[in-house]
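Since the structure of chain C is already known, use the hints to place chain U on it.
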Amino acid sequence: MSTSRKSGKSPAGKSTAPSAQLFPERELRRIIDTVLRLAKTTGADETEVHVDETADSLTRFANNAIHQNVAEHGLNVSIRTVVDHRTARATTNRIDEDSLRAAIEASLSLAHSQPKDPHLLPLPGKQRYRRVNRFLKDTAALTPEERARAVRRACDIAIQNGQVAAGIFASGLQQSALGNSRGLFAAYRETHAEFSITMQENPAASWAKANAASVRAFDPQQLARRASEKAHLAVDARELPPGRYTVVLEPAAVLDLVGFLFYDFAATALEDKRSCLNDRMGKPLFGKNISITDDAHHPLQLGAPFDGEGIPRQQVALVDCGVPKNLVYSRSSAKSAHKKPTGHGFALPNEYGEAPMNLVFAGGDSSLEKMAASTDRGLLVTRLWYIREVDPYEKVMTGMTRDGLFLIEKGKVTSAVRNFRFNQSILEMLRNVEQLGPAVRATGEEAFEMVVPAMKVRDFHFSEVTKF
Amino acid sequence: MWDLCTNALDTARLRGATYADVRMMHLRQRDLTTKNGQVGTLAQSESIGIGIRALAHGAWGFASTDRLTREGVSACAGEAVSIAKASSLAKRGDVEMVPEDAYVDSWQSPFRKDPFELPLENQLALLLAADAEMRRIKGVTLTEAGLQFRKIDSWFASSIGSRIHQRKLITGCGIAATSFQGGEIQKRSYPNSFGGQHALGGYELVESLDLLKHAPRVGEEAAALHSAAQCLEKTGTLILGGSQLGLQIHESVGHPIELDRVLGQEANFAGTSFLTLDQLNKLRYGSDIVNVVADARLEHGAGLGSFAYDDEGVPAQCTDIIKDGQFRGYLSNRETAHLIGLKRSSGTMRTESWNRLPIIRMTNISLNPGTWDFDDLIADTDDAILMETNRSWSIDDRRYQFQFSTEMGWEIKGGKKTRMLKNPSYSGITTEFWNSCDAICSRDHWTLWGTPNCGKGQPMQTMGTGHGAAPSRFRNVKIGSAFSNQ
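Protein sequence lines, in the order shown, are assigned to chains C and U.
Counting in my numbering, the first sequence runs without a single skipped number right up to 513 at its last residue.
Counting in my numbering, the second sequence runs without a single skipped number right up to 487 at its last residue.
Pulled out of the complex, with its shape left as it was, chain C reads as follows (with noise of 0.2 Å):
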């Protein structure tokens, strides 16, 4: 089996064809059937197929060259068996017939070791999905010398300005489909690009990224320029005690923080007792300005419309006014809970359940300029690193600010500060809120990408302060 695949023959500073293309979704469906075929001869009482293929692509820089280049392409396909009760999994990049009979084989084997799952449920029938449009020619077409290119300009700009520039301009393409012996069949491709850079001027650094379906949703000379400046103005940084602070969280700081509060709004998670929401559904928890949906079918994300059993993804408001109001459910813990599943299943076996993967939280109109004007004295922060969770029921997460941190006095940014660890409780920090900026697809490094607004935030708790 082999993709269509078109081996640039130019010299470098022609354009050659993009890395990779991917499979026609009747081929994927092929996959399918064939497995769906062999597993009935195989004693399976149910069967589930996944098949997932990338072609992706990425060019990395540094000391303002490029110092890595890659292409990949791969499928995978798994396959999860049910019999008597019980259900195992097991994935194969081969795709030749006998291949695809020994995971058959390898999934009912791993099946047949363990005891009967009385409340293992069958698989689901036919479902209906709605259609989202996420796949762009333009991106899918991205070539390794126009990335060059891109990056020899980001570069430039680097070099007239006395500067070091590093990151990356990565764009790909992958799809996923979904079928079983009920009948159902899902399928979902999309494009993906993005651009991330850090500008260095020593000792400073400075950072702005974007990531989108489509290339031609961001500039990388603009995303080069604004880390030019904010690197430039974080050059001569002054230490301040750590302590409480209002801080101007850009939406890549708000994004990498509140990422980790995903999983607390999956039914499992409370059932397990590890949720932060357990004891705290339907109370408030945050301020009035705080709502947050998952809507996998926002303009702004991206991802398939089904979950791992094929449930197409519901829209769920998490949060209503402060107020944690729903959570997201697999069928299994939907069933538990007498609740309709919302389309937000791992795929099975496993046990974290589900959780919301689209979160979309309500913005404001202030924008970061707005919420500096009216900071008498506060901290504007770029972004955020090396976050892990501290404490899991108060939410405390601690992290260190990165690339550039600025003091905000009488309205205006005054100097540059250098970084800070924080030890912060996401609830309370949520119940602090002051300022929304409108909310944009954000991303950073911590969490997937999400749709958040900016935030202004009062009493920011940074507890320690490093050398730079």
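Note that these hints are calculated values from the structure, not bench results.
Every value quoted in this text rests on a predicted model; they were computed, and no experiment measured them.
A couple of the hints might just be wrong.
Here chain U is said to cover these stretches of chain C; the calculated rule only asks that three of the stretch's residues, wherever they fall, bring their Cβ under 8 Å from a Cβ of chain U [what the hints assert, rightly or not]:
| id | segment |
| --- | --- |
| 1 | 106-119 |
| 2 | 125-135 |
| 3 | 318-327 |
| 4 | 426-439 |
All C-beta atoms, glycine included, are put in the ideal place defined by N, C-alpha and C.
Only chain U this time, still in chain C's reference frame:
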């Protein structure tokens, strides 16, 4: 396998590569978990493919494919060269590599019992029994147990003539009990948190750790932590258990010595390092008793960082990192070694899979054992906190300032363990911390801990690293600030 590797190298050369290497890899993995007496994950996977790295026009390109036909591999090799030529559009000099010999060899990591050949029923039965033992304890609200097995075959070939086959068998296991009570979640794990202990080896590792024996204690400690005293904020003496010290080494020694990070190649993602090149052989990293090595050789132990050759075809080595407290060495590869005056790579290029480019990674970064017996160390300590089993970890992007918290602490008073403490944490500046070390336990207490989840690189790669450590004592450490609320 070798025919396809040769085919890839030939194509790369014909397309204009001045150097190329290929890694064909076959990865097999089995995961078994239980939760609250039920089977959780029960899955197995395999993946096979080839990754081709080519140097052309003085720049690197890398492409990978799972199309293991002559045509598929040739196309992939051609793509790697095309990408290299595209890279040269934004280069600032030609890549230079230090010389290395060609090797033809085959190697297999040692094991006694292949878990892939043992009955699954017995493996699941062990997890369910350990799970049941923890659930017997009043107050335990969540129990988890897991086994993970990986078998990795790699065939490395390079245009200088190397042909190296390596097979690794990796085993991991662990249990954990969580207790939710009174608005507080407490957790205990064994033998380590976040999945337990992982090492090169077979099912004998699982048997040696005796999960069943430790399960009741794990459950009891999780429940007891609710009534333990809060670890107070102060500056004082800290004793770290071996597994927590392993992670301390990982974060505050292992990462800062990665030469790609030092040279700015990770500046956008994983960060840089305070260990700038001018610090080599000058910086007092730790106290006189601190000796750290990067040792990938099997004689160091069967750790997650052990191998015969790295993924650039360089033999496993032992490098002094900190010698008698002085900073002595970095982790390097063939491209960076000459920048610190080395004539040879230290052999630390590693890749997660066939579809990832090898990058500089930790091997086994270990603190050499000292002389103390653990009981003597406790008896010698008047006032301290003993912290065990990591709960959270964080360090800044230049690896100066860190904060760790652990699952459990013990107050040491007058040379004795007195009472249990909950929510312990400590923080500090890397070199100040290592210079405050005044006692390291002996080899009898030394374990080569496995960290299976080290993330680095873009696209992200997860790598297993090893960290030998024995319980050690540190003076004047800031304790408890994670839970302070100034």
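Hints versus structure:
Counting residues of the segment 106-119 of chain C whose beta-carbon sits less than 8 Å from any beta-carbon of chain U gives 14, enough to reach three: the coverage restraint holds. Residues of the segment 125-135 of chain C with a Cβ under 8 Å from some Cβ of chain U number 4, which satisfies the need for three, so the listed coverage holds. Counting residues of the segment 318-327 of chain C whose CB lies closer than 8 Å to any CB of chain U gives 4, which reaches the minimum of 3, so the coverage claim holds. Coverage of a stretch by a chain is defined here by at least three residues with a beta carbon nearer than 8 Å to that chain's beta carbons; for the segment 426-439 of chain C and chain U the count is 9, and the condition holds.
Going down the numbered hints, you'll see the structure goes against none, and every one checks out.
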